[in-house]
Every structure is written in C-alpha cells, then in structure tokens.
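K.L.:
Each chain, written out:
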Amino acid sequence: MFSFQVDYLSAFFLLVVSILGCAVSLYSIGYTNQFTQFKKTGLFLFLYNLLLVSLICLVTASNAVLFLIMWEVMALLNYLLIVNEHESASTRRAGFLYITMTHIGTAFLVAMFLTLYSYGHSFDFIAMKAAAGTMPAAVRSLVFLCALVGFGVKAGIMPLHIWLPEAHPAAPSNVSALMSGVVIKTGIYGIVRVVFDLLGPNPVEWWGILVLAVAVVSAVLGVLYALMEHDLKRLLAYHSVENIGIILMGVGGSLCFSSLGHPTLAALALTAGLFHVLNHAIFKGLLFLGAGSVNQTTHTRNIEDLGGLIKKLPWTAAFFLVGAAAISALPPLNGFASEWLTFQALLFGFNVSDLALKLAIPVTVALLALTGALAAACFVKAFGITFLGVARSNHAENASESPLTMIVSMGFLAVLCIGIGIAPGTVLSLLDPVTNAFFNVHIGSGAALNSGTLSIQQGAGTSSSPFFIALLLVGLVAVPIAIATAVGGRIRRRIAMTWACGLEKIEPQMQYTATGFSKPIRMIFANIVRARHEIEVENETSPYFRQTIRYELKTESIFHNFLYRPLTRGVLKAAHTLRKLQTGHLQTYLAYIFITLILLLVFAR
Amino acid sequence: MNDTLSIVLSAAFQICVVLLAAPFITGVIKKTKARMQNRKGAGLLQPYSDLVKLLKKEVILSSSASWIFRVTPYIVFTSMLVIALLIPTLAVPVPLHWIGDIITIVYLLALGRFFVALAGLDVASAFGGIGSSREMSISSIVEPAMMLAIVASAVTAGSTDLSVIVASLVTSPVTLVHPAHMLAFVGLFIVMLAETGRIPVDNPETHLELTMIHEAMILEYSGRYLAFIEWASQMKLFLFLALLSNMFFPVGIAASLQPGALIIGAAALIAKVVVLAVAVAVIESTNAKLRLFRVPELLMVAFILSLLALILYFIIGG
Numbered sequence: 001m002f003s004f005q006v007d008y009l010s011a012f013f014l015l016v017v018s019i020l021g022c023a024v025s026l027y028s029i030g031y032t033n034q035f036t037q038f039k040k041t042g043l044f045l046f047l048y049n050l051l052l053v054s055l056i057c058l059v060t061a062s063n064a065v066l067f068l069i070m071w072e073v074m075a076l077l078n079y080l081l082i083v084n085e086h087e088s089a090s091t092r093r094a095g096f097l098y099i100t101m102t103h104i105g106t107a108f109l110v111a112m113f114l115t116l117y118s119y120g121h122s123f124d125f126i127a128m129k130a131a132a133g134t135m136p137a138a139v140r141s142l143v144f145l146c147a148l149v150g151f152g153v154k155a156g157i158m159p160l161h162i163w164l165p166e167a168h169p170a171a172p173s174n175v176s177a178l179m180s181g182v183v184i185k186t187g188i189y190g191i192v193r194v195v196f197d198l199l200g201p202n203p204v205e206w207w208g209i210l211v212l213a214v215a216v217v218s219a220v221l222g223v224l225y226a227l228m229e230h231d232l233k234r235l236l237a238y239h240s241v242e243n244i245g246i247i248l249m250g251v252g253g254s255l256c257f258s259s260l261g262h263p264t265l266a267a268l269a270l271t272a273g274l275f276h277v278l279n280h281a282i283f284k285g286l287l288f289l290g291a292g293s294v295n296q297t298t299h300t301r302n303i304e305d306l307g308g309l310i311k312k313l314p315w316t317a318a319f320f321l322v323g324a325a326a327i328s329a330l331p332p333l334n335g336f337a338s339e340w341l342t343f344q345a346l347l348f349g350f351n352v353s354d355l356a357l358k359l360a361i362p363v364t365v366a367l368l369a370l371t372g373a374l375a376a377a378c379f380v381k382a383f384g385i386t387f388l389g390v391a392r393s394n395h396a397e398n399a400s401e402s403p404l405t406m407i408v409s410m411g412f413l414a415v416l417c418i419g420i421g422i423a424p425g426t427v428l429s430l431l432d433p434v435t436n437a438f439f440n441v442h443i444g445s446g447a448a449l450n451s452g453t454l455s456i457q458q459g460a461g462t463s464s465s466p467f468f469i470a471l472l473l474v475g476l477v478a479v480p481i482a483i484a485t486a487v488g489g490r491i492r493r494r495i496a497m498t499w500a501c502g503l504e505k506i507e508p509q510m511q512y513t514a515t516g517f518s519k520p521i522r523m524i525f526a527n528i529v530r531a532r533h534e535i536e537v538e539n540e541t542s543p544y545f546r547q548t549i550r551y552e553l554k555t556e557s558i559f560h561n562f563l564y565r566p567l568t569r570g571v572l573k574a575a576h577t578l579r580k581l582q583t584g585h586l587q588t589y590l591a592y593i594f595i596t597l598i599l600l601l602v603f604a605r
Numbered sequence: 001m002n003d004t005l006s007i008v009l010s011a012a013f014q015i016c017v018v019l020l021a022a023p024f025i026t027g028v029i030k031k032t033k034a035r036m037q038n039r040k041g042a043g044l045l046q047p048y049s050d051l052v053k054l055l056k057k058e059v060i061l062s063s064s065a066s067w068i069f070r071v072t073p074y075i076v077f078t079s080m081l082v083i084a085l086l087i088p089t090l091a092v093p094v095p096l097h098w099i100g101d102i103i104t105i106v107y108l109l110a111l112g113r114f115f116v117a118l119a120g121l122d123v124a125s126a127f128g129g130i131g132s133s134r135e136m137s138i139s140s141i142v143e144p145a146m147m148l149a150i151v152a153s154a155v156t157a158g159s160t161d162l163s164v165i166v167a168s169l170v171t172s173p174v175t176l177v178h179p180a181h182m183l184a185f186v187g188l189f190i191v192m193l194a195e196t197g198r199i200p201v202d203n204p205e206t207h208l209e210l211t212m213i214h215e216a217m218i219l220e221y222s223g224r225y226l227a228f229i230e231w232a233s234q235m236k237l238f239l240f241l242a243l244l245s246n247m248f249f250p251v252g253i254a255a256s257l258q259p260g261a262l263i264i265g266a267a268a269l270i271a272k273v274v275v276l277a278v279a280v281a282v283i284e285s286t287n288a289k290l291r292l293f294r295v296p297e298l299l300m301v302a303f304i305l306s307l308l309a310l311i312l313y314f315i316i317g318g
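Line by line, the protein sequences are chains A and B.
Numbering-wise (this note's numbering), the first sequence opens with residue 1 and increments by one.
Numbering-wise (this note's numbering), the second sequence opens with residue 1 and increments by one.
To be clear, the hints were calculated from the coordinates, so they are not data collected in a lab.
Mixed in with the good hints there might be a few duds.
Said to hold, decoys possible - From the structure, some residues in chain A lie toward chain B, with a derived Cβ separation under 7 Å:
id	residue
1	F4
2	P362
3	A478
4	A482
5	A484
6	G488
7	I495
8	M523
For every residue, glycine included, the Cβ atom is placed at its ideal position computed from N, Cα and C.
All chains should be modelled from the sequences, with the hints used to inform the complete structure.
P.N.:
Structure representation (structure tokens):
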C-alpha cells in the first residue's frame, strides 16, 4: 500500500526540492533567529522540516493513496506555515483562501484517482499505467481535465491562481521561497506524472492546445498583474504564475507534438519545460530570500518606501540582481537557457503539418516574447525602485545587511543561476533519461548537449552557447577599456549632485515611483488590467490652495469580477435557500427521516 | 590551426568594421537631415570628433549613483560587440555564428537595455525614471513584433541561425521576392525604428522632458561613459541596418573568409547601409514624432504585417 519508488522523473524533482531545501534551511538559521515575529520558533521549524519531508515523500510516492495523503499533509502544513503571523486578519484570510482552493483541487484529484482505480483495480501507479490502454477516449480526457484542474490549483495556473498572490506574501519569507520554488512545482510534477506517465503515450491533440492556452494566459496576465504590484512579495508571487505559464508552454507543446507523432520534438519541449522548473525554483527562491532580507531589515514590503538599499545591503542587492536578470531571461544566466529551449521547441511547430498547431505557435511565440520583455520591465522596477536611487523613508535609511548565513544561502543560489546558465548541458543530460522514459528517444538525437552550448540539430540546425557568450562578454570588456585608455588616458572622476532642474538639492520624493514606472504599461494594456483611480482634493478657501490630495489606485482582477464573485455569490445564495430546510421543528426533521426511509425502501432495496 | 587563425582574424576584422563604420552612418543621417532642412550641416566625420572629445573629458558621477551606474556603459558596449560578432555583416556563415542565434541576439539587446534602464533609476532624478519607464514599456511591445518578423524569415530556412537564414537566401534568391518576405521586411523596418530610438518613436536629438526616452535615461552620463553609450547606440543602428540589408538584399556578401572577399563584403555592406541610412533620414525629416501612447499602434502595424507574412507562407508555401 505505502510504496515508494524513485524513477528519473521523481529523481529530478527530488533534486529541485533538495537544492532549494538546502538553501532555504541555511537561510532560516539567520532568519528565524532575528525575526521578532517568531514566538514559537521551535514549532515553526518543526512544521517547516515536516513540509520538506512531505515534499520528498510526495514526489517519490508510487501509490495513489499515499500520494493523496502526502498531498494533504503538504497542503495542511503549508496552511499552518502561512498563518504563522495569524494575529493579522489579512493573513488569516489568505490562509482560508488557500485552504479552500487547495481542497477544491484535492476533490478533483480524488475523482481522478478513483477513475483511474476503476480501470486499473489497484491504487499502484504501475497498475494504473498498465490499464491506461483499456480506457475509452472520453474517460482519458476526463482524467486529463481533472489532473489539469486539480494540479493546476496548486501550480497556480490562471484562473485558479487567486490564492497564490495572497498566501505567498502572507507567509514568512523562507516559507514563501519554498512555496514558490518547490511547492507549486508539485502541481507540475502531478501533471507530468499523470498525463505523460499514467495515461500512457498517446495524448489527444486538444489537450496540448488547451494547456498552451492556459499557459499563455497565465504567463501574460501573471506578468501584467505583477507589474501593477508594489508589494515586493506579491509582485514575486505573480511572477510565479507567469513562470508556471512558461513551464506549461513546454509541457503543452510536448503534448501537441506527442499526439501528432513527433516524439523527438515532444521530448525537446518537455525538456524545456522541466528545465525551467529547476531554473525557476532557483531564481525565484533567491528572489524571495532577497525580499525576506529586505523585509526583515526595513519592516516593509512596499517598494514605494524603499530605495538606495544597494549601499546598505550590498550583498543582498548583488544577489537579487542576479536573480532579477535570470528571471528576465538575460544571457548568460539560467533563465535564458530554458527560455531559449522553449522558443526553439515551439518554433519547430511550424514544420509539423497541422493547422491548429500552426496557428497556435506564432501566437504563443509572440506572447512568450511579450512575457519576457514585460518581466524585464517589471524587474527593472522591482530592483531599481528597491535598491537604487536614494532612500524614500527612514526604514530604508536605517537598513543594514543580513547575517552571514542568509547571505551565504543567497550566494549559493546566485552561483547556481550563473553556473547552470553557462553550463546548461549538465542539467539537460539529467533530463535526458526522464524524457527517454516517456518518448523512447534521446534528446541527444534532437539536441547536442555539450555542457556549455545549447544546440539543436533538427532542421537546418541552430545553436547558442551561453558559455562563450559569457566568455566574450567578459573578454571583450578589454576593448572599451583599451580604447578609453588610449584616447583619454586614466579615468578622472568627480562626484557631484544629480541635476535637480536648478533646485538646491534633490529630494527623495523627486524620484520616480513604482506606480509611475508602470503607468505606461497600465495605459497600453488598459483593457486587461482595468485600473481604477480616485482622486480626492480638499480645498481650503480657493481651488488654488489645496490642503490635502488623496490618490488611490486599484487594479481589479477580471477573474475576481467575472468568475469568483458571481461564483461565491451563487454559493451563498444556494446555501441561503437550503437553510429553509432547517426549520428547527423536531417534527419536520422526523418527517425528513421518514421520507428518506421510504425513498430508500423503494429505490435501494 | 590555420582555420582557427582565420576565424579569429575575420572576427576581429568584423568587429573593427562595425566599430569604425557605425559613427560614419550616424554622420550620414545627420548630414542628410541637414541637407533636407536646407542647412549645410556638420561634416560626415563629426561623430568621430564627438566621441574623441567625450573620451578625453573627465567623468562626473552623481553622488547617489552606485556601481550599477559605473558598470552599465561597459555592459552596453560589450554586449553590442558580441552582437556584432553574431550578425552576418561581411560574410556568411559568420565565423562564430554557432555562439548565438537571433533569439540570443534579441536577449543580448535586452541585457544592455536592462542595465541602461537601471542606471536611469540609479541617479535618483525624475528624468532617469521617466526614461527607464518609457523605454521598458515600448520595448515590451517591440519585442513580440521583432520576434514575429524574425520568425517569419526564419520559417523558410528552418533555423533561427542568422547565418543559415542569409545563406539560404543567397542560394535561393526567389524567396527575396516572396510577398511574405517583403511584408516581414516592412515589419522589421518599423521595429528597427523603434528599437534604435528614431523618429517617429523617439527623437535622438531632443532633450525635452516631455518627449525624450533614451536620452532621459542617460542624462546623467558624461565623459567616457557617455562616449561608450553613444557609440553603442550608433553600433546598434548600424547592426540593425546591416541585418535588414543582408536579410533582404544579400548582395555582395562574402561566401568565404578570404581577405579579398571580406573587403568586397565590407564595401558592399557599407554601401547598402548608407542607402538605408538615407531612407531613415528621409523618414525622420518628413514625419513628426508620435505621441508616446500612439507608438503601440505603430508597433501593432509591424506585428500584424509579420503575422500576415507568416500566414502567407502557410498559404502560398515557401
């Protein structure tokens, strides 16, 4: 009943869990020591360690019952960790939202595993897999849909993401890092495990198209909502939605290729998706840890109150910059390597003779490019407003660098961002057996894997070598230095004040704000982000002398307005109607029992 | 060994051509614009004198600037040099073409832009922020259009390697008159105007706070730092024009790394780029700068043209 098995897919996710678990645990030493909020550090760390255990058991479980138990244990532990600061009402609400959504997901998973059980007559994954061939097409599609919804809630795909931007910021930062880095990836693990492994090798094409559609919506809307945030941790949480979208682009592409009989391309696309799983775990973990360090010393998550932290927290700033560049897919960091592979895998869709895919691919590629560019814009904002310029508040003015363990753990992740970035082949060779198990091809036949070069031999062949790009970027710095020295001699510097348009000195308020920074994007995408702003002006005597001006800006989520609000309203209304059954009279209840008994006697003899 | 030597030498030659020819092209544009305004204008070599002057001047650093501000000019300049090695300018295949394809180039451009935008925020002035915000917003709508325009050209070659694309055009020149290819050219041309900050998207000659984008970000730069950033912008313009000319009119491009062929390639390249530069100058002289929030409409045109190009490929075939 309770059996564990480590195949290549489990091994890969174990690696993801272990790398981030290692860094976050080290970080927690310094973080929980200083954090005044931790009244019960012992209890907190006990739960934290249990969460790591449940993650490890989850990705190695080879039995549906064990898998579901671990799934629930993980969800409940997560809840307890989220509501660590349960004194605040918003944290309790975030926790409640999380636990509601995750259980909706679990309901779908239970339904899914029971369907699989009814064909395989066993809860063991092996038996389920063996029976997949006997399932009718409609049932297979049903299982696929249940998996997409059930695991999608955990992964945070749109429109099931609503708990994510509430719960991730509410949790302590080390837990947020683990949640965004690893816990949401268990959703991806589940989708890959069920759709590629348990359902066998012949997916239906619309599955892939559906996953691509979900992926595109999650990626673009995720990054747009992130741009509208100026709460550093909420911003990062929305980026998790975006990156899950990018991962699912690889997964969806793989399903399409696999259904159309192109196993090599399918392997390539899945490799791109899984590679991004690891990369996102590393850089998002790093960014959340960085946000935690900032939060710990400044006691605010609002970046409008920060600024100039690069001088107060030099190490944190440098590592956060590495993470920001990696998530923006800048070469030669790890985010670039996996996005490049995703682009390449998708572009091969043009060579597949299938109209639906040919129409889906240009849209997906263009929107992936849009996502990448918007992510870069967002991280210019997040890093620039938080760490550059001058301090916008006393909190930021008096900030100080974090303890050594926290810096070391962030440094470890930053080094991994660079290391995997310039030697992507090392990770890709780990992924080869994973995809080989599903498609029976080696990605080596579609992509050569030197450790420093990404190269694809399909079609006319393409390659990109982050290693040599890094080498050239470093080496060619000699050119401008040599030119400048030859023409102008040694550099002469003078420190002066930034020009303040003739005013005597520059004030922190003169700097651009995060809200101002994202204004053009808010206007360009006004139809999607739906910003609503209110201006209240209080005049004293004449409109020329204003006493106070209050400005409030809200961005409304279309999902809240058009999906969740009507849904909750409907549920509440239904509950209200059903309440009429509860009259409070003993006789009525006896009548109910009597009617039920008669009905049972008639129908269920 | 001989092979390695010729690769290194031709790569160095390619970088030198781009480095040295880029200011000249800027001079051509300025001269043409001056002539169109009935002015005599500065000499064609004026941009070189400007660069030398800047390189000799001392650097004034803002007291609120951090190390980001100081490393940015080097990152921008170096990333442009790496791009110069990857774009087919003088010969196909480019000696080091396997180091990066077009997607790599797009993201290397993003690397430079990322740091310039950060430097804009680093100096704590409102202008830097305004420029960074506008630059990142416009670039985020440029990038999908650019990617589609490139993909439209890459589809027939079956590769995103620029050298492979250009080489396939050299061997089958019929593709050059394919309607889809022409649409992609117009799409990429508009993208080039936006990406290099020319009218009607941005005006490289203004320092008016209401309109400036790129100039606002680099307002606090001076001395050699400014020289590197200006020079990098000139190289960017040159490389985009070179890319357009070789992807759509690959005439005279060298097929081998022989010194003679390379020199012919360089001469042909500069001639083609000068023609395109004059076209840019004519567009700049006859058009007004667009309002910031009209720019997305222009880029939407580029995007739709590239999408049409792709659909045409599917309908008529490559």
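K.L.:
Now tell me if each hint is right for this structure.
P.N.:
Quick rundown of the hints versus the structure:
no., hint, in the structure
1, F4, "40 Å, violated"
2, P362, "5 Å, holds"
3, A478, "9 Å, violated"
4, A482, "12 Å, violated"
5, A484, "5 Å, holds"
6, G488, "4 Å, holds"
7, I495, "5 Å, holds"
8, M523, "6 Å, holds"
In this structure, the hints that do not hold are numbers 1, 3 and 4, in rising order.
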